[in-house]
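Colleague: Chain by chain, the residues run as shown.
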Amino acid sequence: MPTNKLDQLYRSVIMDHYKNPRNKGVLEENNITIDMNNPTCGDVIHLTLNVEDGIVQDAKFEGEGCSISMASASMMTQMIKNKDIDTAVKYAQVFSDIMLGKEIDESIDLGDLEALSGVAKFPARIKCATLAWKAMEKGLGSEDEQ
Amino acid sequence: MLSKDIRKHFPILDQEINGHPLVYLDSAATSQKPRQVIEAINDYYAYDNANVHRGVHTLGNRATDHYEGAREKVRKFINAKSTQEVIFTRGTTTALNMVAQSYGRANVEEGDEIVITHMEHHSNIIPWQQLAKEKGAVLKYVILEEDGTLSLDKVREAVTDRTKIVSIMYVSNVLGTMNPIKEITEIAHAHGAVMVVDGAQAAPHLKLDVQSLNCDFLAFSGHKMCGPTGIGVLYGKKELLNEMEPVEFGGEMIDFVGLYESTWKELPWKFEGGTPIIAGAIGLGAAIDFLEEIGLDQIEKHEHELAGYAMEKMSSMDGLTIYGPRDPDKRAGIVTFNLDNVHPHDLATVLDMNGIAVRAGHHCAQPLMKWLKCSATARASFYVYNTEEDVDRLVEGLRIAKEYFQ
Numbered sequence: 001m002p003t004n005k006l007d008q009l010y011r012s013v014i015m016d017h018y019k020n021p022r023n024k025g026v027l028e029e030n031n032i033t034i035d036m037n038n039p040t041c042g043d044v045i046h047l048t049l050n051v052e053d054g055i056v057q058d059a060k061f062e063g064e065g066c067s068i069s070m071a072s073a074s075m076m077t078q079m080i081k082n083k084d085i086d087t088a089v090k091y092a093q094v095f096s097d098i099m100l101g102k103e104i105d106e107s108i109d110l111g112d113l114e115a116l117s118g119v120a121k122f123p124a125r126i127k128c129a130t131l132a133w134k135a136m137e138k139g140l141g142s143e144d145e146q
Numbered sequence: 001m002l003s004k005d006i007r008k009h010f011p012i013l014d015q016e017i018n019g020h021p022l023v024y025l026d027s028a029a030t031s032q033k034p035r036q037v038i039e040a041i042n043d044y045y046a047y048d049n050a051n052v053h054r055g056v057h058t059l060g061n062r063a064t065d066h067y068e069g070a071r072e073k074v075r076k077f078i079n080a081k082s083t084q085e086v087i088f089t090r091g092t093t094t095a096l097n098m099v100a101q102s103y104g105r106a107n108v109e110e111g112d113e114i115v116i117t118h119m120e121h122h123s124n125i126i127p128w129q130q131l132a133k134e135k136g137a138v139l140k141y142v143i144l145e146e147d148g149t150l151s152l153d154k155v156r157e158a159v160t161d162r163t164k165i166v167s168i169m170y171v172s173n174v175l176g177t178m179n180p181i182k183e184i185t186e187i188a189h190a191h192g193a194v195m196v197v198d199g200a201q202a203a204p205h206l207k208l209d210v211q212s213l214n215c216d217f218l219a220f221s222g223h224k225m226c227g228p229t230g231i232g233v234l235y236g237k238k239e240l241l242n243e244m245e246p247v248e249f250g251g252e253m254i255d256f257v258g259l260y261e262s263t264w265k266e267l268p269w270k271f272e273g274g275t276p277i278i279a280g281a282i283g284l285g286a287a288i289d290f291l292e293e294i295g296l297d298q299i300e301k302h303e304h305e306l307a308g309y310a311m312e313k314m315s316s317m318d319g320l321t322i323y324g325p326r327d328p329d330k331r332a333g334i335v336t337f338n339l340d341n342v343h344p345h346d347l348a349t350v351l352d353m354n355g356i357a358v359r360a361g362h363h364c365a366q367p368l369m370k371w372l373k374c375s376a377t378a379r380a381s382f383y384v385y386n387t388e389e390d391v392d393r394l395v396e397g398l399r400i401a402k403e404y405f406q
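Sequences listed follow chains A and B, in order.
First residue of the first sequence: 1, per my numbering; consecutive thereafter.
First residue of the second sequence: 1, per my numbering; consecutive thereafter.
Heads up, some of the hints might be wrong.
What the hints assert, rightly or not - Heads up, simulated SDA-like pairs for lysine to any residue below, C-alpha to C-alpha not over 20 Å straight-line:
{"id": "1", "chain 1": "B", "residue 1": "K402", "chain 2": "A", "residue 2": "M15"}
{"id": "2", "chain 1": "A", "residue 1": "K19", "chain 2": "B", "residue 2": "I400"}
{"id": "3", "chain 1": "A", "residue 1": "K121", "chain 2": "B", "residue 2": "N18"}
{"id": "4", "chain 1": "B", "residue 1": "K301", "chain 2": "B", "residue 2": "P21"}
{"id": "5", "chain 1": "A", "residue 1": "K5", "chain 2": "B", "residue 2": "E403"}
{"id": "6", "chain 1": "A", "residue 1": "K5", "chain 2": "B", "residue 2": "E396"}
{"id": "7", "chain 1": "B", "residue 1": "K402", "chain 2": "A", "residue 2": "S12"}
{"id": "8", "chain 1": "A", "residue 1": "K127", "chain 2": "B", "residue 2": "I400"}
{"id": "9", "chain 1": "A", "residue 1": "K5", "chain 2": "B", "residue 2": "Q366"}
{"id": "10", "chain 1": "A", "residue 1": "K5", "chain 2": "B", "residue 2": "K402"}
{"id": "11", "chain 1": "B", "residue 1": "K402", "chain 2": "A", "residue 2": "E29"}
{"id": "12", "chain 1": "A", "residue 1": "K127", "chain 2": "B", "residue 2": "E403"}
{"id": "13", "chain 1": "B", "residue 1": "K402", "chain 2": "A", "residue 2": "Q78"}
Said to hold, decoys possible - Stretches of chain A that chain B covers, calculated by requiring three or more beta carbons in the stretch to come under 8 Å of a beta carbon on chain B:
{"id": "14", "region": "5–14"}
{"id": "15", "region": "85–99"}
Said to hold, decoys possible - Some chain A residues close to chain B (C-beta under 8 Å, calculated; not the full set):
{"id": "16", "residue": "E64"}
{"id": "17", "residue": "C66"}
{"id": "18", "residue": "S67"}
{"id": "19", "residue": "A120"}
{"id": "20", "residue": "K121"}
{"id": "21", "residue": "F122"}
{"id": "22", "residue": "C128"}
Because the hints were derived from the structure by calculation, they are not lab data.
All residues carry an ideal CB built from backbone N, CA and C; glycine is no exception.
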């Protein structure tokens with residue numbers, strides 16, 4: 001039944017993050033700001049990070065987009081807080097693998113992210129899910145160069 | 001309403017999507033193709049394939065006859081005076097770029113003005129933006145009325161004696177608004193400007209008459225009017241096209257080539273460098289035959305009634321916003337909307353799960369989205385094969401989405 005397939009996409013965890021986003025807003029103290037958009041659909045994200053001593057001390061986001069893109073941004077900020085840069089970037093790689101439907105190392109604790117694995121079955125929506133992660137990768141990449 | 005028998009000509013409609021019979025409501029993005037068009041392309045490749053205007057052999061002659069025959073069909077379709085005024089392009093975008101790069105570069109100077117509107121498709125914004133930057137010209141926007149229509153008074157305010165080009169879409173791909181092109185052309189001409197019409201959403205749906213409109217250029221695409229992708233048309237008045245330089249050089253557009261100087265063929269071939277889109281043009285010719293057999297006036301009436309029916313049904317839904325003019329007489333078969341608390345992408349996914357194809361996003365009209373104060377909308381666009389049942393299915397899909405995201 002299609003409703004079941006829809007439920008695979010819109011799991012309750014996703015809807016919870018969409019309706020009650022974590023880390024929504026703009027960090028007043030931040031040393032990394034990234035604006036990214038998805039030109040095909042007009043989704044936008046404004047991500048602010050505070051990175052000190054190679055650790056993501058804090059992260060906040062604002063944006064406009066569908067439930068998948070905003071829930072993904074909420075989960076992303078939750079996951080990278082208090083993590084070192086390498087770990088955060090590694091999460092982005094793992095997330096990309098999830099979207100490609102690849103097998104994931106079982107030892108990695110995906111937390112709420114697991115709920116987004118259903119997006120892999122909706123190719124048109126993958127770009128929505130990856131926007132925040134690409135923004136984070138870009139931001140931490142530029143931090144590396146500083 | 002048109003007979004439902006028309007659906008039989010479209011093999012693609014006879015399938016299930018996610019367990020439901022397909023309801024295709026995305027014709028403004030691209031229309032479906034009738035069997036006649038698919039067969040015309042197939043027959044060309046199967047029996048007549050050869051290059052045009054080159055071979056002296058029989059296949060070459062047949063291919064040339066079919067290709068030039070398609071040009072004559074286009075000429076009649078838009079009521080151009082001569083086939084010399086009909087140039088085959090890759091589509092509307094290429095055609096508008098040709099006008100900007102050829103006519104625009106030669107005639108627009110620093111301080112001159114180019115007038116467009118906030119409702120334009122990106123294809124009718126960026127070529128002018130680029131031209132204005134290159135020449136130091138001023139790009140001016142006609143401000144829209146609150147209901148998403150154009151007022152002639154605002155057009156009169158925007159167009160001045162400095163205006164060299166006015167370029168406006170005939171029918172909005174988002175709002176469905178039909179613009180008063182004939183009157184706008186008169187305003188442009190009164191100031192010595194040329195009038196360019198983006199006809200991408202008009203050609204499939206209403207009878208075009210370039211002589212009556214008196215526009216100087218008109219661009220449209222084949223794939224939105226039952227034809228194949230990769231083919232479109234630039235119409236231009238002969239006296240203007242004659243003065244213009246080609247934008248692509250080489251191959252079939254040449255007359256005489258010397259080591260350092262060359263000359264071009266006459267119209268329309270001087271604008272068709274390289275091997276043209278032969279099968280595409282033949283497919284477009286077949287699409288025109290198909291549409292004319294139904295009758296453009298009947299098509300317009302059908303879509304008008306369907307959009308009216310859709311708006312009536314959708315208006316009764318709580319939390320549903322419909323954009324563009326409320327008066328069905330002012331709009332074509334396009335209904336753009338948003339449902340409270342459901343992002344259009346999520347809405348489109350729910351509808352897709354119910355077999356209904358709609359568009360969601362900015363519709364290549366980001367300045368218009370800004371004007372509407374939203375980042376994206378959902379859009380249902382109708383064509384000859386759509387029925388009232390399709391609208392009912394859409395409304396039912398909207399109810400499901402609303403419930404799901406409650």
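Colleague: Each hint needs a verdict: does it hold in this structure or not?
Modeller: Here's how the hints hold up against the structure:
no., hint, verdict
1, B:K402 to A:M15, "holds (14 Å)"
2, A:K19 to B:I400, "holds (19 Å)"
3, A:K121 to B:N18, "holds (13 Å)"
4, B:K301 to B:P21, "violated (25 Å)"
5, A:K5 to B:E403, "holds (16 Å)"
6, A:K5 to B:E396, "holds (18 Å)"
7, B:K402 to A:S12, "holds (16 Å)"
8, A:K127 to B:I400, "violated (24 Å)"
9, A:K5 to B:Q366, "violated (32 Å)"
10, A:K5 to B:K402, "holds (17 Å)"
11, B:K402 to A:E29, "violated (39 Å)"
12, A:K127 to B:E403, "violated (25 Å)"
13, B:K402 to A:Q78, "violated (29 Å)"
14, 5–14, "holds (count 4)"
15, 85–99, "violated (count 0)"
16, E64, "holds (5 Å)"
17, C66, "holds (4 Å)"
18, S67, "holds (5 Å)"
19, A120, "violated (14 Å)"
20, K121, "violated (11 Å)"
21, F122, "holds (7 Å)"
22, C128, "holds (6 Å)"
Hint check: violations occur at hints 4, 8, 9, 11, 12, 13, 15, 19 and 20; the rest are consistent with the structure.
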